[in-house]
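Oh and the sequence shown: position 34 is 34 in our numbering, straight run, nothing missing.
Because the hints were derived from the structure by calculation, they are not lab data.
Be a bit skeptical, because a hint or two may be false.
[What the hints assert, rightly or not] Taking CB as the label site, the calculated pair distances span: (1) Phe-164 with Ala-52: 40 to 46 Å; (2) Pro-27 with Arg-208: 51 to 57 Å; (3) Glu-11 with Lys-51: 21 to 27 Å; (4) Thr-6 with Pro-27: 16 to 22 Å.
[To be verified] Lysine to aspartate or glutamate pairs mimicking EDC-like chemistry, simulated, CA-CA at most 16 Å apart: (5) Lys-127 with Asp-85; (6) Lys-132 with Asp-120; (7) Lys-132 with Asp-96; (8) Lys-36 with Asp-54; (9) Lys-135 with Asp-95; (10) Lys-301 with Asp-316; (11) Lys-301 with Glu-319; (12) Lys-194 with Glu-204; (13) Lys-127 with Glu-84; (14) Lys-133 with Asp-120; (15) Lys-135 with Asp-96; (16) Lys-184 with Asp-322; (17) Lys-133 with Asp-83; (18) Lys-297 with Asp-170; (19) Lys-264 with Glu-204; (20) Lys-194 with Glu-214; (21) Lys-127 with Asp-95; (22) Lys-135 with Asp-97; (23) Lys-264 with Glu-254; (24) Lys-297 with Asp-168; (25) Lys-133 with Glu-84; (26) Lys-133 with Asp-97; (27) Lys-133 with Asp-170; (28) Lys-264 with Asp-141; (29) Lys-297 with Asp-316; (30) Lys-266 with Glu-204; (31) Lys-127 with Asp-96; (32) Lys-184 with Glu-228; (33) Lys-133 with Asp-96.
Treat the numbers as computed from the prediction; the structure is a model and nothing was measured.
Ideal placement from N, C-alpha and C gives every residue a C-beta, glycine not left out.
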Amino acid sequence: MRSVETVEVGEDDGVARIDRWLRRRYPQLTQGQVEKMLRTGQVRVDGARVKASDRVCPGQSVRIPPLPDPPPAQPPEGMTRKDEDFIRSLVIHRDDDVIVLNKPPGIAVQGGPKTVRHIDGLLAGLKFDAEKKPKLVHRLDRDTSGCLVLARHPRAAAFLGEAFRDRDTDKIYWAIVVGSPRPKIGELRSWIRKAPGVHDADREMMQRALQTDEGAVHAITQYALMSEAGGRAAWLALRPVTGRTHQLRFHMAEMGHAIAGDPKYKCDRPTPNDLNGALQLHARAIRMPHPSGGELKVIAKLPAHMVHTFNLLGFDEREARDPFAPFEGTR
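Based on the sequences and whatever the hints tell you, model everything.
Right, here's the structure in full:
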């Protein structure tokens, strides 16, 4: 049982009926219990008695009588406790507008005919104190790990959607590629399109196209070599100036330095045996305008399989730097 407390109505609460404000803040209460507390004067606003239909405003003080403790939180309908614990374990940033996950490799962002378990299907576990689950504002490939941004309400979703469309976001990926690219820093440009006749997301691939081809889109990727391992493999930073499907994977394979572990996009250069395995591509960092003003920067830790690869090849992420300074002002 809680003790008597005084609670201030917050700016996010807006102007609301006192009974509805109480039900939102204390979901363990029934409407009948709320009306009884108001009728008997146990709840007061700025020291005065109020009716259920009276409204409260930000800044007002509400006296709350002793209340029963809320029941243990239950996972959202259709989810197990294990599901909820899993999706919450991925959160690396959370505020009133935005959630950022560090998505692990091997799980799809959205579902499909053969995909039952996916991030979108687990988002109900990220409601926290909000009424609705967050929404995806972009996506990552199934085997790509790293920063995945969610909007917590419609206004944030509209704002972030526009930021992604207008290229106001800055995403940096880390990749391990076969061989060691020359020059060490550059920009890749091409027209690409989805291979015709493939409608299954798990099988779709991008191919080079002419500007006049149906469905052709322009793709631009900036890359910078961070470190190399004797010419057999290299650690690259990649910046997708455009956000096309499989863009980074396509561009690196076309350059002759495919991303290690990529089952779709390969090149003639052989992959060292110790790099055959999971895709070595990670959405390391994102910088974007925040829906409530200012800028948000988030960094996602490397997944275990890339930590292993870094150790194997002698790469040290503490040596990471901003490799794209020469490109500043060109986006």
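Is the hinted pair Lys-133 and Glu-84 satisfied, with a Cα-Cα distance of at most 16 Å? Between Lys-133 and Glu-84 the Cα gap is close to 12 Å, so the pair holds against 16 Å.
C-beta pair Pro-27, Arg-208: status relative to the range 51 to 57 Å that was hinted: Between Pro-27 and Arg-208, where Cβ atoms are some 55 Å apart, the hint holds.
For a C-alpha distance cap of 16 Å, please report whether Lys-135 and Asp-95 respect it. holds, 14 Å
Is Lys-135 within 16 Å of Asp-97, Cα to Cα? The given pair, whose Cα atoms are some 11 Å apart, holds under the 16 Å limit.
Decide if the proposed pair is consistent with the structure: Lys-297 and Asp-170, CA atoms, cutoff 16 Å inclusive. Given pair Lys-297, Asp-170 holds - Cα atoms ~9 Å apart, limit 16 Å.
Next pair to validate is Lys-127 with Asp-96; report whether the Cα-Cα distance is within 16 Å. holds, 11 Å
Given pair status - Glu-84, Lys-127, alpha carbons within 16 Å: Roughly 10 Å between the alpha carbons, so the hint for Lys-127 and Glu-84 holds.
If I claimed the Cβ atoms of Glu-11 and Lys-51 lie 21 to 27 Å apart, would that claim hold in this structure? The hint (21 to 27 Å, Cβ to Cβ) holds, given that Glu-11 and Lys-51 are roughly 24 Å apart.
Are the Cα atoms of Lys-297 and Asp-168 separated by 16 Å or less? Holds, at about 13 Å.
For the pair supplied as a hint, Lys-184 and Glu-228, is the alpha-carbon distance within the 16 Å limit? It holds: about 10 Å lies between the C-alpha atoms, which stays within 16 Å.
For the pair we were handed, Lys-301 and Glu-319, check the Cα-Cα distance against 16 Å. holds, 15 Å
Do the alpha carbons of Lys-133 and Asp-97 lie within 16 Å of each other, as the hint requires? Status holds; Cα separation ~12 Å.
The earlier numbered hints that this structure contradicts are 27, 29.
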